[in-house]
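What follows is the residue order along each chain.
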Amino acid sequence: MIDIQLSEQELNAQVCIDFALSGGAGAVDVFIGTVRDQTQGRKVVQLEYEAYEPMAISEMRKIAESAMHRWPVQRIAIHHRVGTLKIGDAAVVIAVSTPHRAEAFEACKWIIDTIKQTVPIWKKEIFEDGEVWVAAHP
Amino acid sequence: MIDIQLSEQELNAQVCIDFALSGGAGAVDVFIGTVRDQTQGRKVVQLEYEAYEPMAISEMRKIAESAMHRWPVQRIAIHHRVGTLKIGDAAVVIAVSTPHRAEAFEACKWIIDTIKQTVPIWKKEIFEDGEVWVAAHP
Amino acid sequence: MQVKILAFGVAKDIVGSRQFDFAISDHTTVEALRKNLHTQYPALEKLASMAIAVNGEYASDEVIISSGDEVVLIPPVSGG
Amino acid sequence: MQVKILAFGVAKDIVGSRQFDFAISDHTTVEALRKNLHTQYPALEKLASMAIAVNGEYASDEVIISSGDEVVLIPPVSGG
Chain A
1 MIDIQLSEQE LNAQVCIDFA LSGGAGAVDV FIGTVRDQTQ GRKVVQLEYE AYEPMAISEM
61 RKIAESAMHR WPVQRIAIHH RVGTLKIGDA AVVIAVSTPH RAEAFEACKW IIDTIKQTVP
121 IWKKEIFEDG EVWVAAHP
Chain B
1 MIDIQLSEQE LNAQVCIDFA LSGGAGAVDV FIGTVRDQTQ GRKVVQLEYE AYEPMAISEM
61 RKIAESAMHR WPVQRIAIHH RVGTLKIGDA AVVIAVSTPH RAEAFEACKW IIDTIKQTVP
121 IWKKEIFEDG EVWVAAHP
Chain C
1 MQVKILAFGV AKDIVGSRQF DFAISDHTTV EALRKNLHTQ YPALEKLASM AIAVNGEYAS
61 DEVIISSGDE VVLIPPVSGG
Chain D
1 MQVKILAFGV AKDIVGSRQF DFAISDHTTV EALRKNLHTQ YPALEKLASM AIAVNGEYAS
61 DEVIISSGDE VVLIPPVSGG
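Residue numbers (my numbering), protein chains in the order written: chain A, 1 to 138; chain B, 1 to 138; chain C, 1 to 80; chain D, 1 to 80.
Some clues are possibly wrong.
Unchecked claim - Some chain A residues well away from chain B (every beta-carbon gap over 12 Å; in silico):
#1 M1
#2 S7
#3 E8
#4 P138
Unchecked claim - Here are the simulated distance ranges between beta carbons:
#5 B:E53 / D:D13: 14 to 20 Å
#6 D:D13 / A:R70: 38 to 44 Å
#7 A:R61 / C:Q19: 20 to 26 Å
Stated by the list, open to error - Straight-line C-alpha distance at most 25 Å; calculated DSS-like pairs for lysine-lysine:
#8 B:K86 / D:K12
#9 A:K86 / C:K46
#10 C:K46 / A:K62
#11 A:K86 / C:K12
#12 B:K62 / B:K116
#13 A:K116 / C:K12
#14 D:K46 / D:K4
#15 C:K4 / C:K46
#16 D:K35 / D:K46
#17 B:K86 / B:K43
#18 B:K116 / D:K12
#19 B:K43 / D:K35
#20 A:K116 / C:K46
#21 B:K116 / D:K46
#22 A:K116 / A:K62
#23 D:K4 / B:K43
If you're looking for bench data, these hints aren't it; they were derived computationally from the structure. All figures in this text were calculated on a predicted structure; none of them were measured in a lab. Using N, Cα and C, we set each Cβ at its ideal position, and we do this for glycine too.
Next up, chain A with everything else stripped away, as it sits in the complex (with noise of 0.2 Å):
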């Protein structure tokens, strides 16, 4: 089962694990990427992210049906926060429940490091004398 979710609302890792945990699974693994305080020694004041809202549903629904085809994944949450965050806040989480705990940690892995690829969403980093599109330029 997959639970995907887009949300201008801070993100609560507790409602991802408990999803995750429904199953029966033996073994949960959580990613929760947060804004930090500063980007190669710059300070950031916030981000900003947007998303191509249905694209970004669907391409996060595809990455966790490919998780669950390569790896025996019972469940899926990854839930995505779009707006104005501030440091500190959690970005994104993901929880993947697995039988035995190598895959769910190659699992979650793979899926965060897919959804920086090819998900829809972008974000901006504000700093105090500036902004920038992150990843935008060579």
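For chain A, the structure is supplied; the task is to place chains B, C and D on it using the hints.
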């Protein structure tokens, strides 16, 4: 910073996550190991965990300290349950925060793998028709 | 024909709005559209990449754009 | 001399109690203690492994057990 706990109370993943997040990290990986309802097709009724408590705590602390030397880890929480556990209960929760995600996964996986090898905690699986100390015999 | 194009992230800043109309000839491919966009908005060519989605899916260069398609400019993604 | 030994997990079941007193000669090593325990409790030898901790640390075979040491039998661990 390191937070090690051995407890007869239900574990709370959010407590571990909050501890790990409070360092301002960019990535947190969390592992939750739970009691499964069967082992090799045999139905498990409950589990009993016992620990040589002072050494279990000191060995978990050693593991956390080693992880902090091996990876750029900011915070580690390891909470392990003892006593009687029902199906679905969390036996262990580990939360590891790092600046970047790859190290969070690596360190968290290494910690749970090492806990299973060296920490003096034992689990007995109680079946409907018997019980067995896990891994005791070759 | 006119096609509606949505732009996100840095692409929105370059074209100046979330949504705009763009004139293309019939049977224009994704590859041809990208070239036309580069001519109109040279800054798009400076991006690390710019994928184009048609109707909610990444579209390869040879896909032909039809009237009524939802066309979206996808500069380098940075979610997570 | 008498040494107090704690036993956990399957080792407790084999020796029949959490704690017991065991007679050893002076300068007994961990290796010699393990052999003596195997003689007294043959089922211990059937375990996949049996480490011995002295004063809260895993002890290697050559460690000498002193009066007052806390000696603990550690059958294969299965935490997590």
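We went through each hint and held it up to the structure:
{"no.": "1", "hint": "M1", "result": "holds, 16 Å"}
{"no.": "2", "hint": "S7", "result": "holds, 18 Å"}
{"no.": "3", "hint": "E8", "result": "holds, 20 Å"}
{"no.": "4", "hint": "P138", "result": "holds, 21 Å"}
{"no.": "5", "hint": "B:E53 / D:D13: 14 to 20 Å", "result": "holds, 19 Å"}
{"no.": "6", "hint": "D:D13 / A:R70: 38 to 44 Å", "result": "holds, 42 Å"}
{"no.": "7", "hint": "A:R61 / C:Q19: 20 to 26 Å", "result": "holds, 25 Å"}
{"no.": "8", "hint": "B:K86 / D:K12", "result": "holds, 23 Å"}
{"no.": "9", "hint": "A:K86 / C:K46", "result": "violated, 30 Å"}
{"no.": "10", "hint": "C:K46 / A:K62", "result": "violated, 30 Å"}
{"no.": "11", "hint": "A:K86 / C:K12", "result": "holds, 23 Å"}
{"no.": "12", "hint": "B:K62 / B:K116", "result": "holds, 14 Å"}
{"no.": "13", "hint": "A:K116 / C:K12", "result": "holds, 20 Å"}
{"no.": "14", "hint": "D:K46 / D:K4", "result": "holds, 23 Å"}
{"no.": "15", "hint": "C:K4 / C:K46", "result": "holds, 23 Å"}
{"no.": "16", "hint": "D:K35 / D:K46", "result": "holds, 13 Å"}
{"no.": "17", "hint": "B:K86 / B:K43", "result": "holds, 12 Å"}
{"no.": "18", "hint": "B:K116 / D:K12", "result": "holds, 20 Å"}
{"no.": "19", "hint": "B:K43 / D:K35", "result": "violated, 37 Å"}
{"no.": "20", "hint": "A:K116 / C:K46", "result": "holds, 21 Å"}
{"no.": "21", "hint": "B:K116 / D:K46", "result": "holds, 21 Å"}
{"no.": "22", "hint": "A:K116 / A:K62", "result": "holds, 14 Å"}
{"no.": "23", "hint": "D:K4 / B:K43", "result": "violated, 38 Å"}
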